[in-house]
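Chain residues, written in single-letter form:
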Amino acid sequence: MTGRTTLKCAYAGIAAIALTLAVGWWQVDGPGASEQTERQPFALTEMEFSLSDHEGDEVGPETLIGRPTMVFFGFTYCPDVCPTTLSDISGWLDDLGEDAEGMNVVFITVDPERDTVEAIAEYVGYFHPSIRGWTGTQEEIARAAQGFRARYERVPTDGGDYTMNHTASVFLFDIEGRFTTMIDYHEPREFAVPKIRRTLD
Amino acid sequence: MKTIFYGLMAALMFTSSAATPTFAGSESVVVEDAWSRASVGVNRPGAAYMTIRNTGDETVTLTGLRTDLAMMPDIHQTSTNAEGVSSMAPAGEIEIAPGEAVSLEPGGLHAMLMHLQRPMTEGENFSVILDFSDGGEIAVEVPILGIAARGPEG
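These protein sequences, in sequence, are chains E and V.
Just so you know, we're using this note's numbering here: the first sequence kicks off at 1 and counts up by one.
Just so you know, we're using this note's numbering here: the second sequence kicks off at 1 and counts up by one.
Derived by calculation from the structure, the hints in this document are not laboratory data.
The reader is advised that the hints may include incorrect statements.
With the C-beta cut set under 10 Å, the calculated list includes, among others, these residues of chain E facing chain V [what the hints assert, rightly or not]:
hint	residue
1	D158
2	D161
3	T163
Ideal placement from N, C-alpha and C gives every residue a C-beta, glycine not left out.
Chain V on its own, in the form it takes in the complex (with noise of 0.2 Å):
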């Protein structure tokens, strides 16, 4: 009964997302090469890398994220100072202009992954919905390679 209601409540979903009405901005948001690391348990924070690359003539402003692999996912920036000490800070709002990408990699901006709800384990995939701030959403699949993976190659 439980699973037909789950299968219910994502066919409802489903078809009022679809039935959202769409929106020239984050509709020409194409987002390329997501990658993550996969995790030691659950206590440590993860973090996602991706290229989001605006194919459309205005400007998208990325507002957040939603998984349900994390409680509390946010776009953080790491920063490394002139005396090479690295930091890191919520990015805020992030715009994308026409034609431009952002690339989300290790070093730089990185979707961080507070509060795990289970391991992030290799092989595996999660889906992650971007925010911007038209309203629209994009879901992407992100696949999680090994822990000492480099970039989306591994």
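Next up, chain E with everything else stripped away, as it sits in the complex (with noise of 0.2 Å):
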């Protein structure tokens, strides 16, 4: 091998390695990221919404600061997923006991339609009293939506009714509003239980 040919082979080793971070930058945090690797909660001090709450009282952002959050989406139309959620997060504080005096719990509707205050009120009386419910408009859950990086989506059914996709995961921000961990959908209690933990520390 010349001395050339080696230079040769050094630069293309070079570009080959230069291409892949690009690539990789190009995938991972530029603007080829998918929306997954990119879809973090903000820090509840940089979200801006009003919702009310299911006792019918203004309550934003800012009224989470100063306590640790647990935070989820959902509906109280919805006969599987929902009730699987608040049933487990029920569980987890149950667990917790008296840790998880003080902490946050709040259920926030993406069907503010059908999820009127006096409907989201009902239906989380049947959990640990620990979990609030809010609603608004339907701009206001499109902002609070935002700012948690949820998704959802209306669906239409079979005789005219309709569904809602969204995001299941449970969001979790300590004391000053920073986003810390979620816990995915149906997580079993031996991970969500120690991730809740963590966030009262």
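From these two lone chains plus the hints, build me the complex, please.
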């Protein structure tokens, strides 16, 4: 191998590495990033929306600062995912006992059309007493979802009804409103409870 | 008079179903751990869960279900994609291989009970009939647990 060929090989190698890095950047951080890799909620302090809790009081992200927070999206006409998430959360809170006292636990509806203050109040009443239900106008729900980077979509069903596809993860924030981690839908209790504990510390 | 009529109807239905020839496929299906959650009123759809086990030596196909509790019962599948978004869609026919079981459980398959005819009240039961492609049917009694129940044990 001559010196010149070696040099060519080296250049080719460097070019290949540079290309790989560029492609990696494009896919992970650059404009080519897929939606899911950039989908972390903002800090609560960076969000802006105004909703009503199930007692009719005006609430927003600022209501949650000062305590650790758990937020999830759903709707009360949901037969499977939402009651499962609500009962999972009720179980986690029972496990944590006194440690979780003072934690904000908020269920934000993605279906304000059917989930009025009264409807959501009745529904959350069946689960752990710490769970608060938040609802509001379509616009404010959309702003809240943007802040949490949650998604939802109305899907018509047979017979003129509709259901909602929605992000089913549970978002955790520390006492200062910084996003800490999320719990996936139906994540086993042995993973979920330690995640909440870390957020409480 | 009406009661006698219904009684007679029930007796006739019982006789006719007993007289139906039996099938090897769905005859070997066993249903375990059926449960459901209480509903809030009748406007929201309900869901029922159970394990359907094929103890026979040929594949059986669950084609649908019936119940007087809901006008539109159907087996639905919940799925959650990589972005954490959950959605629900009719599951269609469900094949169960010999010796296998299909679990209807939270976050997966469930019997979706649309257009409830009466509220699902904790402590009560309701009947569901599972239909199979070989013409066989299996009646299941489903207990209604609390709205926050997490499994057949409550």
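We went through each hint and held it up to the structure:
1. D158: 7 Å, holds
2. D161: 7 Å, holds
3. T163: 6 Å, holds
Taken one by one, the earlier hints all hold for this structure without exception.
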